[in-house]
Amino acid sequence: MNRTTTLLKLLGTKLPLIQAPMAGVQSSRLTLAACHAGALGSLPAAMLPPEKLCAEIETIRRHTDQPFNINFFAHKQPEYQPQQQAEWLAVLAPFYRAFGLTEHDIKSGGGRQPFSNEQAEIVMAYKPPVVSFHFGLPDQPLLDKVKSSGAVVMSTATTVAEACLLADKGADIVIAQGLEAGGHRGTFMDEAQAHQAGLFSLLPQVCEAVALPVVAAGGISNEATARAARALGAAGIQIGTALLSADEADTSERHRAALQSPRAADTVLTNVFSGGLARGIRNRFIREAGPVNPAAPPFPLAQSASAPLRAAAEAQGTDEFSPLWAGQNAVLAQAGSAADIIMRLAAAFAG
Numbered sequence: 001m002n003r004t005t006t007l008l009k010l011l012g013t014k015l016p017l018i019q020a021p022m023a024g025v026q027s028s029r030l031t032l033a034a035c036h037a038g039a040l041g042s043l044p045a046a047m048l049p050p051e052k053l054c055a056e057i058e059t060i061r062r063h064t065d066q067p068f069n070i071n072f073f074a075h076k077q078p079e080y081q082p083q084q085q086a087e088w089l090a091v092l093a094p095f096y097r098a099f100g101l102t103e104h105d106i107k108s109g110g111g112r113q114p115f116s117n118e119q120a121e122i123v124m125a126y127k128p129p130v131v132s133f134h135f136g137l138p139d140q141p142l143l144d145k146v147k148s149s150g151a152v153v154m155s156t157a158t159t160v161a162e163a164c165l166l167a168d169k170g171a172d173i174v175i176a177q178g179l180e181a182g183g184h185r186g187t188f189m190d191e192a193q194a195h196q197a198g199l200f201s202l203l204p205q206v207c208e209a210v211a212l213p214v215v216a217a218g219g220i221s222n223e224a225t226a227r228a229a230r231a232l233g234a235a236g237i238q239i240g241t242a243l244l245s246a247d248e249a250d251t252s253e254r255h256r257a258a259l260q261s262p263r264a265a266d267t268v269l270t271n272v273f274s275g276g277l278a279r280g281i282r283n284r285f286i287r288e289a290g291p292v293n294p295a296a297p298p299f300p301l302a303q304s305a306s307a308p309l310r311a312a313a314e315a316q317g318t319d320e321f322s323p324l325w326a327g328q329n330a331v332l333a334q335a336g337s338a339a340d341i342i343m344r345l346a347a348a349f350a351g
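Numbering (UniProt numbering), first residue to last: 1 to 351.
Any given hint could turn out to be false.
[To be verified] Mimicking DSS-like on lysine-lysine, the simulated pairs with C-alpha atoms at most 30 Å apart in a straight line are: (1) Lys9 / Lys145; (2) Lys76 / Lys169; (3) Lys14 / Lys127; (4) Lys145 / Lys169; (5) Lys145 / Lys76; (6) Lys76 / Lys127; (7) Lys147 / Lys169; (8) Lys127 / Lys169; (9) Lys14 / Lys147; (10) Lys127 / Lys145; (11) Lys52 / Lys127; (12) Lys147 / Lys9; (13) Lys9 / Lys127; (14) Lys145 / Lys14; (15) Lys52 / Lys14; (16) Lys76 / Lys147; (17) Lys52 / Lys147; (18) Lys76 / Lys107; (19) Lys169 / Lys14; (20) Lys52 / Lys107; (21) Lys52 / Lys145; (22) Lys76 / Lys52; (23) Lys127 / Lys147; (24) Lys9 / Lys169.
Just so you know, these hints were derived from the structure itself, not from any lab.
Start from the sequences and build out the full structure, keeping to the hints where you can.
Dropping the structure here:
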């Protein structure tokens, strides 16, 4: 049995294609569109309160009998350090003054939360067919609960060492995330950029190192890049940036416009929005505060202070302080229905 056949058996889908979970730019609407197209639709859960997560799962279940994936973050929540926050606010002070903001505009709570016992209980209650993680895997007791629900478990690896650890810890599928990928890096062992590789260097090494099905992610925006991933051993592909301009995505009009403009060719890894490395379209905030600022608190703490800037700038009609997540091949992506986009890329695995 080849790895694509194994992947399809594990996922229960018609196509070896996964719609990447993208917090902030999608709801269950995109999940369902991907499911209806024969792919594995994914729902990002790291920013959803429990009641909203349950409601979204119920919506998916009402509208499809196809397999779907619920995605969680498995990061270790850092401790809030007042001195670190003060240093970060000093960096942001000129921007705050320009928008008339103060520390009182910073809101606590919310944001991206690591996988918890409460979320594990939801998984056990609703039994989603697939559960995926970013930033590694949760602690063993929580992972055991997920496995006991019957869910297939996937997680992201950005290095060969991470892929091997995921396989050893009980993942069923490894998602190899190349440096080209948009949004947050799934790194959980070694954050040094110098040790991170592009997909077409990372992918064949991961395929050699683990016996599990390996899904390719990063820079896959058209059929040619999907074929290249298949040729290098990918059992399937995960696409995110390619779906940002889909009709069923909740991507803002400003973000869509940026993706369809020459700006989309200029993406960079930055930590100024959340504290974690993520790839997005370069704008004023990235240019002037980053791209990587050592004063930024660790993921996800930096977001509390950057969020007021985003809100104030967007209220003035500009995206210069917004996270415009996009992969390096965003310029190859096309607008249209999620089904059309998925079928174009899935054609690389036909025959």
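Exercise. Are the Cα positions of Lys145 and Lys14 separated by 30 Å at most?
Worked result: 28 Å, holds
For this session: Could you grab the alpha-carbon distance between Lys52 and Lys107 and see if it respects the 30 Å cut-off?
Result: With Cα atoms ~20 Å apart, Lys52 and Lys107 stay inside 30 Å; holds.
Exercise. Holds or violated: Lys9 with Lys145, Cα cutoff 30 Å?
Worked result: The hint holds at about 22 Å.
Problem set entry | Pair hint outcome, Lys145 versus Lys76 [Cα-Cα no greater than 30 Å] | 18 Å, holds
For this session: Take the C-alpha atoms of Lys14 and Lys127, compute the straight-line distance between them, and say whether it is at most 30 Å.
Result: 20 Å, holds
Problem set entry | Pair hint outcome, Lys52 versus Lys145 [Cα-Cα no greater than 30 Å] | 21 Å, holds
Exercise. Between Lys52 and Lys14, does the CA-CA distance stay at or below 30 Å?
Worked result: Holds, at about 29 Å.
Exercise. Does the structure keep Lys127 and Lys147 at a Cα separation of 30 Å or less?
Worked result: 10 Å, holds
Exercise. Is Lys76 close enough to Lys127, meaning Cα to Cα at most 30 Å?
Worked result: Status holds; Cα separation ~24 Å.
Problem set entry | Pair hint outcome, Lys76 versus Lys169 [Cα-Cα no greater than 30 Å] | 17 Å, holds
Exercise. Does the alpha-carbon distance linking Lys145 and Lys169 stay inside the 30 Å limit?
Worked result: 14 Å, holds
Problem set entry | Lys147 paired with Lys9 [C-alpha distance capped at 30 Å] | 17 Å, holds
Violated hints are absent here; each numbered hint is respected by the structure.
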